Amino acid sequence: MVMITKIVVVLRNCVTSKKISVSAVLLGSVFISAYHWGLFANVLAQDIKGKEPIAIASTTPIPKSLLKWEKPDLTIILTAQQHGYLLPCGCSRPQVGGLERRYNFIQALKTNGWNLTALDLGDLPQKQGPVSLPNEQGLIKYRYAMNAQKKIGYSVVGFGEYETAMPLFNALAEFALNEPTPRVVAANLLDREKEFPDQVSAWQKVDIKGSGIKLGVTGVVSPNVAEKIKDPRVKFGPSKVALDSVLKEMTQENIQLKVLLYQGVLNRSPKGEPATEALKAAQSYPEFQILMCLSEEDEPSSNPININHDNKKQSLIIRMGTKGKYVGVLGVYKTGDPIQPFKFRYIIEQMSEDYMTTESAKKNHPVMELMESYSKELKNENYLSRFGQARHSVQVSAPESNPVYVGSEKCKKCHEGAYDVWKKSTHSHAYQTLVDAKEPSLRHYDPECIVCHTVGFGYQSGFSTFEKTPNLTNVGCESCHGPSSEHVKKPNDETWLKLINPWKASPDENPAAKESRLGKIDQSCQKCHDIDNDVTWTNKGFERKWPKVAHPSPASE
-16 MVMITKIVVV LRNCVTSKKI SVSAVLLGSV FISAYHWGLF ANVLAQDIKG
34 KEPIAIASTT PIPKSLLKWE KPDLTIILTA QQHGYLLPCG CSRPQVGGLE
84 RRYNFIQALK TNGWNLTALD LGDLPQKQGP VSLPNEQGLI KYRYAMNAQK
134 KIGYSVVGFG EYETAMPLFN ALAEFALNEP TPRVVAANLL DREKEFPDQV
184 SAWQKVDIKG SGIKLGVTGV VSPNVAEKIK DPRVKFGPSK VALDSVLKEM
234 TQENIQLKVL LYQGVLNRSP KGEPATEALK AAQSYPEFQI LMCLSEEDEP
284 SSNPININHD NKKQSLIIRM GTKGKYVGVL GVYKTGDPIQ PFKFRYIIEQ
334 MSEDYMTTES AKKNHPVMEL MESYSKELKN ENYLSRFGQA RHSVQVSAPE
384 SNPVYVGSEK CKKCHEGAYD VWKKSTHSHA YQTLVDAKEP SLRHYDPECI
434 VCHTVGFGYQ SGFSTFEKTP NLTNVGCESC HGPSSEHVKK PNDETWLKLI
484 NPWKASPDEN PAAKESRLGK IDQSCQKCHD IDNDVTWTNK GFERKWPKVA
534 HPSPASE
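Note that the working numbering has the sequence shown beginning at -16, numbered continuously upward.
Since the hints were made in silico from the structure, they are not lab data.
These numbers were taken from a predicted model, which means no experiment stands behind them.
Virtual Cβ for every residue (Gly too), placed ideally from N, Cα, C.
Check each hint, because a few of them may be wrong.
Stated by the list, open to error - Estimated spans, in silico, between C-beta atoms of each pair: (1) Ser115 <-> Glu392: 26 to 34 Å; (2) Lys510 <-> Ile322: 51 to 59 Å; (3) Ser368 <-> Ala495: 44 to 52 Å; (4) Ala496 <-> Glu282: 33 to 41 Å; (5) Trp486 <-> Phe449: 28 to 36 Å; (6) Asn475 <-> Glu498: 26 to 34 Å; (7) Pro221 <-> Trp486: 52 to 60 Å; (8) Ile322 <-> Lys231: 16 to 24 Å; (9) Asp320 <-> Pro180: 40 to 48 Å; (10) Pro150 <-> Ala373: 19 to 27 Å; (11) Arg374 <-> Glu498: 25 to 33 Å; (12) Pro530 <-> Glu342: 37 to 45 Å.
Whenever a hint applies, use it, and build me the whole structure from the sequences.
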C-alpha cells in the first residue's frame, strides 16, 4: 500500500500559473506529495537518521516529490524502452515524456548537490515509424537520443531487440564507435572484441564523485529476446557463464553496489512453476542488489519487486514502462551492515509539464539545442525525399486506372457543404501548425510529423514537398478517402464511390451496424490521433470530435 500525503506549502510572493516548471516549483502553491513510498520489507529506508538535510537552492529547487527525502549517498536514475520518443510532439496537451524534461529533472537534483548517475536498460530506438512509415529516421533519432543521454549524465546503457533491428552494427556506429560514455554493456554478447571492438563492454565500473560507493553495472540479453534477433553477427551465450565471469571481476575491483540490466521480461513461467527470465536471474544472483528488466505494460509500477534471499540479502527488480514517460529515482543509503550494506528509497516520477523548460533556462539548453540540430539535419539532409511511395489501397484496387491525389480544392465544386465543414476544422490548417512550431522549429521538414499533417505522404502521387505539391498540404479530403482523381472524372461511378467512401451509411442501417461503422472510422482516425500524439482522444474522444467534422453527402443523411 502506498500512502499519499499532500502538504500545501504557501510561499510569500506566490505566482500562480498553468505551467509549473522545474525552476518554478517553489513559486506559488506547491503540493508536496510524499507518494510512491512502497514498503519493501527492510530493504527500503523508512526513517534514516543522521543524514544531511537537502539544501534547496532558491533558484533551482529539487522536484517536489523528493522534498521529504534525506539526501541519499547516491542516487541512480533509471529509464528504459524509450522506443524512439525524443520529445512530446506538441499536438495536444498535456503530453508527458521527452529528453528535455528528463534533463531538467536531473539537473535540479545535481544543482542541489545530489550525487547521481543514470542508467538505461536499452530499446532506445524505434523499430518502425509512425502511421506505418518505414523506419528511415530510426538511426538519426538513436544518435540524438544517445547524445542527449551523454549530456544528461548517463553512464551505462544496455541494448536489446530494438537496437539490433537497426541493425546493431549501424546503431553502434552512430554513437558508441566514437563515444565512450554512456557505455554500452552486454556481458553475454559473443565475439564482442571481434565484431564490436571498443564499442560494447561486459560491464562498467562507475565512479560517482562524493558518493563513496563503488558501482558496477552489467547487462545480459535473455534467450527470449535473443531469439527475436535475426542479425547473424549478433549472438548471445548463456547468461550464467557471462555473469559468473563479471561477478568475479567485480569482486576483484571491490565493487560494492552491483546493478544488472536484464533485457528480458520479469517472468514467463506459469504460476507455481520455477521462475524464468529476470526473476530467475534475481533469485540466482543475490550479488546484484538492483535489477532492471523489460516492462510488458506502458505504465510502470511504483513499487519494485522485493526479493528476499536465504543469506538475508535482498534485491529489487524495477520496471520502467515504455516511451520515456517516467523515470525511476533510486536513493541509495549506506548502512554499515556487511550483510545488507545499503538501504534504498524509490519513486517513479512522471515527466509531466512540471518539467518544461522555463524561459530563463532556454538559452544554451543542451538538449533543446540537440533537438533543434535534429530538425535542421532532417531539413538539410532532405529526409522528406528518403521515403519511398507505396501504393494506397485505392490504387491497389484499381491498378489499371492509376488514381492519383488531386487535393481538397477539387472536391469543393460538388461537395460544397462537406468542404465548408472541412474548411472550418483544424484539419484545414494542420500544415501551418508545423511551420509555426518552435522548440524545435522546422517541423514541416520532419517526415514523422508531415505524415499526419498532409495528404498522402508516403503514397504514390501524395505529398512530397511544399514546393512540388502545395495542393496536398493539411489534412484534406483524400487523407481519409484516398486518391480520388478517378472519382473526379466519373463522379457517379458506383465502383469509385465505394472505393473512396467505404464508411458511407446504408439506407437501412440499424444501430449495431452504425456502431460498427463508426468504430472503423474511429480506428482510422487513431492512426494519427493515437494515445501519444492526441492525449485528448481518450475518454470518448471520437464521440466528442466526430460531430465536428462529420460531413454526410448529401447533407440530409
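(request) Against the earlier hints, flag every one the structure doesn't satisfy and list their numbers going up. (result) Checked against the structure, no hint fails, so every one of them is satisfied.
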